[in-house]
Each structure stands twice: as structure tokens, then as C-alpha cells.
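Chemist: What follows is the residue order along each chain.
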Amino acid sequence: MTGRSTDPPESVVRRTLAVDADVARLANVRAAIRDVARACEAPATCMDDLVQAVDEAVTNIIVHGYRGLPGTIEVTAELVGDDIVITIEDRAPTFDPTTVPAPDLTIAPDRRRPGGMGVHLMRLAMDTIRHRPRPGGGNILILTRSRVARPKEG
Amino acid sequence: MAMLTTVDRIEGDVPVTVMALDGELDASNYLRLVDDVRELYASGTRNLLIDLSGLTFIASSGLVALFSVVRVMNGEEPPDPEYGWGAFHEVSRGVEEGNVQTAVQLCGAQPSVSEVLQRTGLDRLFLSHPDRESAVASY
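If you read the sequences in order, they're chains A and B.
Using the working numbering, read the first sequence as starting at 1 and increasing by one per residue.
Using the working numbering, read the second sequence as starting at 1 and increasing by one per residue.
One or more of the hints may lead you astray.
[What the hints assert, rightly or not] Pairwise CB distance ranges (calculated):
{"id": "1", "chain 1": "B", "residue 1": "139", "chain 2": "A", "residue 2": "74", "range": "45 to 53 Å"}
{"id": "2", "chain 1": "A", "residue 1": "134", "chain 2": "B", "residue 2": "23", "range": "30 to 38 Å"}
{"id": "3", "chain 1": "B", "residue 1": "138", "chain 2": "A", "residue 2": "137", "range": "51 to 59 Å"}
[Stated by the list, open to error] Which stretches of chain A does chain B cover? Using the computed rule of at least three CB atoms under 8 Å from a CB of chain B, they are:
{"id": "4", "stretch": "44-52"}
{"id": "5", "stretch": "59-65"}
{"id": "6", "stretch": "117-128"}
These are calculated hints, taken from the structure and not from any lab test.
We treat Cβ as the ideally placed atom computed from N, Cα and C, and that holds for glycine.
Full structure from sequences and hints, please.
Modeler: What follows is the structure, encoded as C-alpha cells:
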């Protein structure tokens with residue numbers, strides 16, 4: 001009431017989830033992302049975009065990264081300013097999804113890249129996608145989406 | 001586990017099988033959807049209406065499932081589950097040639113699901129109806 005000191009710090013919204021690399025755990029990941037989006041008071045379209053992008057990213061790690069082998073995926077979601085930042089870490093072979101080319105329907109089907117459709121949806125849903133190798137092996141993928149409504153979100 | 005399917009058969013002038021999807025369609029269950037439709041086709045279903053009103057999420061794997069369902073309902077083999085964009089290449093070509101299939105139609109898609117269909121262009125493969133009643137009446 002008398003200033004910023006009475007407002008809860010925004011960094012209070014921070015959740016971490018570690019799941020086995022199993023498609024049966026995708027629903028848990030989506031539920032956790034929805035919880036974070038609600039805690040951040042994100043609009044519905046923002047929440048949908050976050051859920052879509054994280055699901056596609058984690059699915060790609062399970063299917064194309066670990067390739068059915070046991071593994072763990074750590075998902076951290078936090079609010080930084082007005083950005084919801086999702087960090088996804090794995091120990092799968094290094095793969096940078098940001099290098100997947102934009103869809104080109106003139107490319108013959110047999111030259112497709114695995115996971116390309118999921119990456120396409122990730123790009124449309126997120127403001128930024130960054131990748132870097134994880135020290136000791138694996139990947140760190142950072143997805144960012146502003147909770148401030150895009151023009152079409154009204 | 002994250003999705004339930006319910007099948008109703010409507011015996012009008014044109015028999016229609018309505019399959020309602022409730023829950024979330026993702027990499028854990030999309031192959032089951034294709035298998036379910038394969039069984040329906042084998043048992044004689046030729047007009048399939050997929051009611052999406054209870055579907056709250058669809059992943060790219062779910063889009064591949066919808067494309068596969070079209071193939072199955074047209075008496076063809078579904079593509080490799082990893083087919084990805086190859087499937088959409090075919091969709092694009094087919095739509096451009098004016099081959100809009102009608103064996104599989106959609107109804108009741110929530111805005112979030114419609115958005116994903118549009119973002120990938122898969123919406124062009126289907127006739128979409130606002131709800132089950134208007135869809136059934138259109139046959």
C-alpha cells in the first residue's frame with residue numbers, strides 16, 4: 001500500500017519438476033506449466049502457448065533425444081519481469097532444435113527432419129528459444145514467452 | 001490415460017460414426033487413436049465425425065494421428081508415425097488439387113485446438129463444424 005515493499009516479489013513464482021523420459025509423464029509436465037501460468041496470471045492464450053511449446057520440447061527429448069532409453073528431464077519455470085522463462089535440461093546427446101529449418105513444403109518428404117513439426121509449433125508459440133550444451137553432457141533449452149498479451153490476444 | 005474416446009453410431013440416411021475425444025491427445029496416446037479408427041473402418045464405418053469439444057490439448061503427434069485417421073478412413077495405410085512434415089506435404093498437395101476428403105470431419109474444436117490446426121495448415125484437410133448437431137445434420 002505504501003510502496004513496492006508490500007508487493008510480493010515476482011521471483012516468488014518459480015517451480016521445478018524432474019520427470020522420467022517417458023511420454024506417460026507429459027501430462028504431469030503440462031499440468032505443472034499450467035500451474036505456473038496461473039500463478040503468473042498469464043492470459044489463456046499465453047498459457048496454451050507455453051503448454052504447447054513445453055510439451056513439444058519434452059516430447060522431442062524423449063523420442064529423439066533419449067530414444068526410449070532411461071533418462072531424466074528437469075523443467076524449471078519462473079517469472080522474470082514480464083517474461084515466463086522455462087528451462088528444460090536433459091542428459092541426452094547434444095541436439096539444438098533451433099537449427100531445425102523452418103518448414104518448407106517443397107522439400108521432399110524423405111528429406112524431413114525428425115521433430116520438425118513440433119519445433120514449428122514451438123517457434124510460433126514462444127518469443128525466444130535458446131539452446132546451449134549442458135556442462136557434462138546434455139542440453140539446456142530456454143523458452144521465453146511474455147505474459148503481456150500479444151496484439152491478437154486483446 | 002490422458003484421453004477417453006466414446007463412440008456413437010447415428011443411423012440416418014447416411015450412417016455416421018461419432019467419436020468423441022475427451023482429454024489431451026499427445027505422444028502417449030496418439031497411436032491408440034489410429035488403432036481405434038482402424039477397428040471402426042474394419043467394422044464398416046465409412047463416415048467418421050470426430051467430436052473435439054472435450055479435447056483440451058493436441059500435440060504435433062496428435063496432428064499426425066488425425067492425418068493418419070484420414071488415410072485409414074480412405075482405405076490406405078497410415079504413414080510412419082515419424083512421418084511428420086511429410087504428411088503435411090501430402091496434405092498441402094491434395095488440398096491444392098481440390099481433393100478435400102469428407103470421410104473424416106471435425107466438430108466442436110476449442111479455440112486452443114483450432115489454433116494448432118491452423119498453425120500447421122492441417123485445418124485445410126477437414127470440413128469443420130461448430131458442434132455435433134450441425135455436423136450430423138450436414139450429412
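Chemist: Hints first: check each against the structure and report whether it holds.
Modeler: Going down the list of hints, with the structure as the test:
no., hint, result
1, B/139 to A/74: 45 to 53 Å, "holds, 49 Å"
2, A/134 to B/23: 30 to 38 Å, "holds, 33 Å"
3, B/138 to A/137: 51 to 59 Å, "holds, 55 Å"
4, 44-52, "holds (count 5)"
5, 59-65, "holds (count 3)"
6, 117-128, "holds (count 5)"
Going down the numbered hints, you'll see the structure goes against none, and every one checks out.
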